[in-house]
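Go by the hints and put chain R onto chain U.
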Amino acid sequence: MANAITSIVRQPVDEAALAKQKIEQALVDHADGVIDGLALLQACEERGLLPLLRALLEQGDDVLRIVLNLVSRPEITGGLKNGIGALQFLGAIPPESMSRLFEAASTGFKEATGVPVNARMGVYDALKALRDPDVGRALAVALAFLKGMGRGLADSPEATAARGEDRGPEV
Amino acid sequence: MSTNVKKTFVVDGRQISASDHETILQALLENDVDVPHICYHPALGPIQTCDTCMVDVGGNIVRACATPVEDGMEVRTKSVAARFARKEAMDRILKNHDLYCTVCDNNNGNCTVHNTTMAMDIDHQSYPFRKKPYEEDLSNPFYRYDPNQCILCGRCVEACQNLQVSEVLSIAWDREIPRVIWDNDVPINESSCVSCGHCVTVCPCNALMEKNMIGKAGFLTGIEPEPLQTMIDLTKAVEPGYRAIFSISEMESAMRKSRIQRTKTVCTYCGVGCSFDVWTKDREILKVEPQMEAPTNQISTCIKGKFGWDFVNSPDRLTKPLIRRGDAFYEATWDEALDLVAKRLTEIRLKHGDDAVAFISSSKCTNEENYLIQKLARAVMHTNNVDNCSRYCQSPATEGLRRTVGYGGDTGSVHDLAMADLVVIIGANPAESHPVLSTRLRRAKKKYGQKHIVIDLRRNGMAEKADMFVRPEPGTDLVLLSAVTKYIIDQGWQDQSFIDGHVDGYAEFVNSLATYTLAYAERTTGVPQATIKQLATMIHEAKSVCICWAMGVTQHLGGSETSTAICNLLLVTGNMARPGTGAYPLRGHNNVQGAGDMGCNPVYLPGYERVDDPGVRAKYEQAWGVELPTTKGLDNHEMVEAIHDGKLRAMLLQGEEMALVDSNSHYVRDAFTKLDFFVVLDVFFSKTAEFADVVLPASPSLEKEGTFTNTERRIQRLYQVLEPLGESKPDWVILQELARRLGADWNYQHPREILEEMASLAELMKGVTYERLEGYRSLQWPVAEDGTDSPLLYTDGFPFPNGRAQLVPAKWIEPTEFAPEYDLHLNNGRMLEHFHEGNLTYRVAGIKEKIPTTYLEVSPELAKERGIQTGALVRLTSPFGQLKLPVVVTDRVQGHQLYLPMNTSNDEEAINILTSSESDVTTHTPAYKELRVRMEVLRESGKSPLTPYNYRLGHPNPQPGVQVEKKWARAGYVPVEQARHRPERG
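Those protein sequences? They're chains U and R, same order as listed.
With the working numbering as the guide, the letters of the first sequence map in order to residues 4 to 174.
With the working numbering as the guide, the letters of the second sequence map in order to residues 1392 to 2377.
With the rest of the complex left out, here is chain U (with noise of 0.2 Å):
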């Protein structure tokens, strides 16, 4: 005969101990990797970097807060834009094209360190210069320059848009 019963009674649970059973098998399961693991936190903790990183982590939100307080500053996002914006102009010139550029620069300030420094010039010598071949070629390379850059500088759909003027259809 049994009739219903709702009682249980539980078996207290050994948290301590169930923790250092785990503890215990893991250490068994990765012995090689926690003995190198510990060398390398004595490490941090020697050279101090440990405790930094515990605070860190502990005041994490906080943390987190006043670096993006910071960061978020116009003159700090200007800045950053402009890192990126410089690297992304440096990797948007193609290099073979730069590194003759570059040669051509260094041919030129050859050139002109050779001028005395009060050197003068009229009119005239500047027209019979420009019938020179070499600066006749600079000369075009510098208005091409130009050229391109003009067309970039005129309006483009992004540029519109980050002036907020043109919002496109509603969807």
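For the record, the hints were derived by calculation from the structure and aren't laboratory data.
It is possible that some hints are incorrect.
[Claimed, not checked] Below 30 Å or equal to it, Euclidean Cα-Cα: the simulated BS3-like pairs (lysine-lysine) are:
#	chain 1	residue 1	chain 2	residue 2
1	R	Lys-2202	R	Lys-1934
2	R	Lys-1523	U	Lys-84
3	R	Lys-1648	U	Lys-25
4	R	Lys-2065	R	Lys-1672
5	R	Lys-1602	R	Lys-2038
6	R	Lys-1734	R	Lys-1398
7	R	Lys-1627	U	Lys-84
8	R	Lys-1838	R	Lys-2358
9	R	Lys-2065	U	Lys-23
10	R	Lys-1602	R	Lys-1672
11	U	Lys-84	R	Lys-1522
12	R	Lys-1398	U	Lys-25
13	R	Lys-1672	U	Lys-25
14	R	Lys-1655	R	Lys-1602
15	R	Lys-1523	R	Lys-1627
16	R	Lys-2357	R	Lys-2275
17	R	Lys-1734	R	Lys-2239
18	R	Lys-1522	R	Lys-1398
19	R	Lys-2065	R	Lys-2038
20	R	Lys-1523	R	Lys-2275
21	R	Lys-1856	R	Lys-1469
Coordinates of chain R only, in the frame set by chain U:
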């Protein structure tokens, strides 16, 4: 269908062939040509809202998703105009969607917007992101809608309107800034949303997302909202273009894979057999993600499958064996508990004989566990006393099918139901009990004009929109069906060539129908003769007919007879063995079919091979190396009787809440108190466990491997999602450890070995192997040795010696009589949100919030007669017990008929306190549906038992779909392909 007609066309210079009716996008995707697309989803078809799939066809820019392939067509995906149009489309999307992928919980490699933006190599957007003037809706307990992230693609609307067909979501195109709305724009939780999760599953971004994901999926997403927003703004401010940002978010997404596991499982909440991936982080369930490759459900789920799994981490879970000592249970070690079980079972067996011990299995357990428990009973304990809980629901349907067509299973697949001309649903409520299956019917009706006839007492979810809804008197279905069959034959509408070619017993059957005249049927069923004729006419006129039935048919004295009558009707009209036809008893639990298939039945070994067949016994005796019992065993019903008679002394029950779900609970519980020894395996401390001597903690489906067999006879594998909680163990492990203590030499290392042992023995399952069930693959039995399975049965004849089906005259058994004082009929069934007695689903917080309790449905007429309103409290009394129930007045029920959802474990409200021990005469399935009560008013009105978050109180907003035409008609709308010609766009 002319799917074989091939068309050839050229894409970017490459020849591609496509089937008839295919669109350009479908053909391209099939041929692995990569074209962007966001709103198109293979389960939903073209929606045409996103415009990211624009291609160039002979100079015209068209949507690839909606343009049918034509022979010789030339398609250019890379033309300047096409690319411009796609970029414009993406720009418009990104105006509506803030790209903060690295800190987005949806950045898991499967975000369509992210992937498409990246694939299109978008580096900058032309229109800046702008917020919409709407707040995030967090009201639903399971998912959120963030309008600010919503790209207005309408996938969610299409899924809700035309796949799930709950018709809740729509896009308010008439607003200055459109958004998705629920019903007529109410908070999600107060709408008619059933929380099926379709919308969330198809959302191509994070606008609709599972709440369990929020703040948990990513490494950086758990940061508090304010610093998070600052980070997003900062990233935007310095952003060097999306390419760089995407590389970082891709890295982060890849890292997530190391801590979020995705594991395929099979749902346990009904017999449809949905399969899906479960995402977990440690023991936390982040989301359920159904997959297109899932054979039955594809991307469909219901509230329980999508959101109903939190019970696995309930603090109520049993985690240690319990042993009764005096007036309390004491936690014990597995060794103590199993030793005790083995000792007591052996003692009782020696003292009282083999048949003094019985085993009850569960349709929630795996095939492997069901196979093992019957093997334990037969091979180790030498008794055929083994049964399972399908005895409570589907045995009569199985019987009806076996008699007439041979196999006790659905004759086709969900696919056949979806393609039928006409579906008759009798005594079933699939909208709540088989939700995903019902979506296929609703979709077929809404999109393709499928006809529905619903025969039921109660105006259930499917009845509301049916072409014909018939309400016969309770317990008279057989008369109605027989009259319809007779009328069809009288009109000469029977399929004579099918009958002549494939069916025996026609003449005798026709004679048996003589009494079922229209006049007699009208008198008995209350259904007018004209309606009966119309019903017959609809069946006659339909090219293909399926009949679905469930407990409304089976849980009667004549459950097997009515099931037989259904099969007869289908045979007479030739609606068998053809695509789109057949008999579909809708199995209620995930493994009702499998529990029976595995031989958890007093008369059958696995594969329905009879225990009284000496040849069959010899085969199993040789395989198992034991001598098998020859006497017929007891079924569940007979076991309860045998306990009362003192013949049955000990019982082991796995995963079944018999104290609540067997009929006449008081009688069943009395029996439990008389057992000498009672062992219960369960996940929770159930009502049944209260009577046990030993309770063993089992693991639920998510914590084990195995297979389930759904209502389509489809065997599917489940993989282990989580480790067993505490010291709980999968039932198969428990059974094996017990069997070894009882002297068996079992040494199964994995469920695979169990299933393959079964397959090597059962003729029906010859070709079943775990390899053939890998991942989302499945097999529908019978499975031949070479692995060929049988989605549609009987195309090569019926499994009888002469290959012919058998018409079996069915006899009407009048329903159980009650004394006149019991003046009200009490019907019962399920509600969508809960499963069974609710041991699992009431432990899911969101479900409990929506539906905290069951309630009694009372018709407006009866409410008026008794002077009560919603919120009243009544006492119901039957000859067997009493309940106290809160009332909901609804016209879903009529006259003197009441309805009580069975989903409660509260003894004050549980239906089976009232039901009788009467049962189906053939199979002993309890006649749960034959119940009359009297009602006493305790309180005339009060607080409604329904919360405002019950979908039944909502007001759906049916729409044909997304209605993209309304978008195109908006003032200021410019088609993407024309945007480049706008002056301001240069």
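Comparing the hints with the structure gives:
Between the alpha carbons of Lys-2202 of chain R and Lys-1934 of chain R the distance comes to roughly 29 Å, so the proposed pair stays at or under 30 Å and holds. For the given pair, Lys-1523 of chain R sits about 28 Å from Lys-84 of chain U by alpha-carbon distance, which is consistent with the 30 Å threshold. Between Lys-1648 of chain R and Lys-25 of chain U the CA atoms are separated by roughly 25 Å; this keeps the pair inside 30 Å, and the hint holds. Our distance criterion of 30 Å between C-alpha atoms is broken by Lys-2065 of chain R and Lys-1672 of chain R, whose separation comes to about 46 Å.
Taking the CA atoms of Lys-1602 of chain R and Lys-2038 of chain R, the gap is about 54 Å. The hint is violated against a cut of 30 Å. Among the hinted pairs, Lys-1734 of chain R with Lys-1398 of chain R is inconsistent with the structure: their alpha-carbon atoms are about 73 Å apart, more than 30 Å. Note on Lys-1627 of chain R and Lys-84 of chain U: the hinted pairing holds, with a Cα-Cα distance of about 10 Å set against a maximum of 30 Å. Of the supplied pair hints, the one linking Lys-1838 of chain R and Lys-2358 of chain R holds, its CA atoms being roughly 22 Å apart against a limit of 30 Å.
Taking the CA atoms of Lys-2065 of chain R and Lys-23 of chain U, the gap is about 45 Å. The hint is violated against a cut of 30 Å. Proximity of Lys-1602 of chain R to Lys-1672 of chain R is assessed by CA-CA distance (about 14 Å); at most 30 Å being required, the pair is judged to hold. This hinted pair checks out: Lys-84 of chain U and Lys-1522 of chain R have alpha carbons roughly 24 Å apart, not beyond 30 Å. About 65 Å separates the Cα atoms of Lys-1398 of chain R and Lys-25 of chain U, which puts this hinted pair outside 30 Å; it is violated.
Using a Cα cut-off of 30 Å, the hinted pair Lys-1672 of chain R and Lys-25 of chain U holds, with the two alpha carbons roughly 20 Å apart. Between Lys-1655 of chain R and Lys-1602 of chain R the CA atoms are separated by roughly 21 Å; this keeps the pair inside 30 Å, and the hint holds. Straight-line distance between C-alpha atoms of Lys-1523 of chain R and Lys-1627 of chain R comes to about 18 Å, which keeps the hinted pair within the 30 Å bound. Between the alpha carbons of Lys-2357 of chain R and Lys-2275 of chain R the distance comes to roughly 52 Å, so the proposed pair goes past 30 Å and is violated.
Restraint check: the Cα-Cα separation between Lys-1734 of chain R and Lys-2239 of chain R comes to about 41 Å, which exceeds 30 Å; the hinted pair is violated. A hinted pair counts as satisfied when its Cα atoms are at most 30 Å apart, and Lys-1522 of chain R with Lys-1398 of chain R does not qualify at roughly 45 Å. Between Lys-2065 of chain R and Lys-2038 of chain R the alpha-carbon distance is near 11 Å, which keeps this suggested pair within the 30 Å criterion. For the hint pairing Lys-1523 of chain R with Lys-2275 of chain R, the CA-to-CA distance comes to about 50 Å; that exceeds 30 Å, so the pair is violated.
Between Lys-1856 of chain R and Lys-1469 of chain R the alpha-carbon distance is near 47 Å, which puts this suggested pair outside the 30 Å criterion.
Hint compliance for this structure: hints 4, 5, 6, 9, 12, 16, 17, 18, 20 and 21 are broken, all remaining hints hold.
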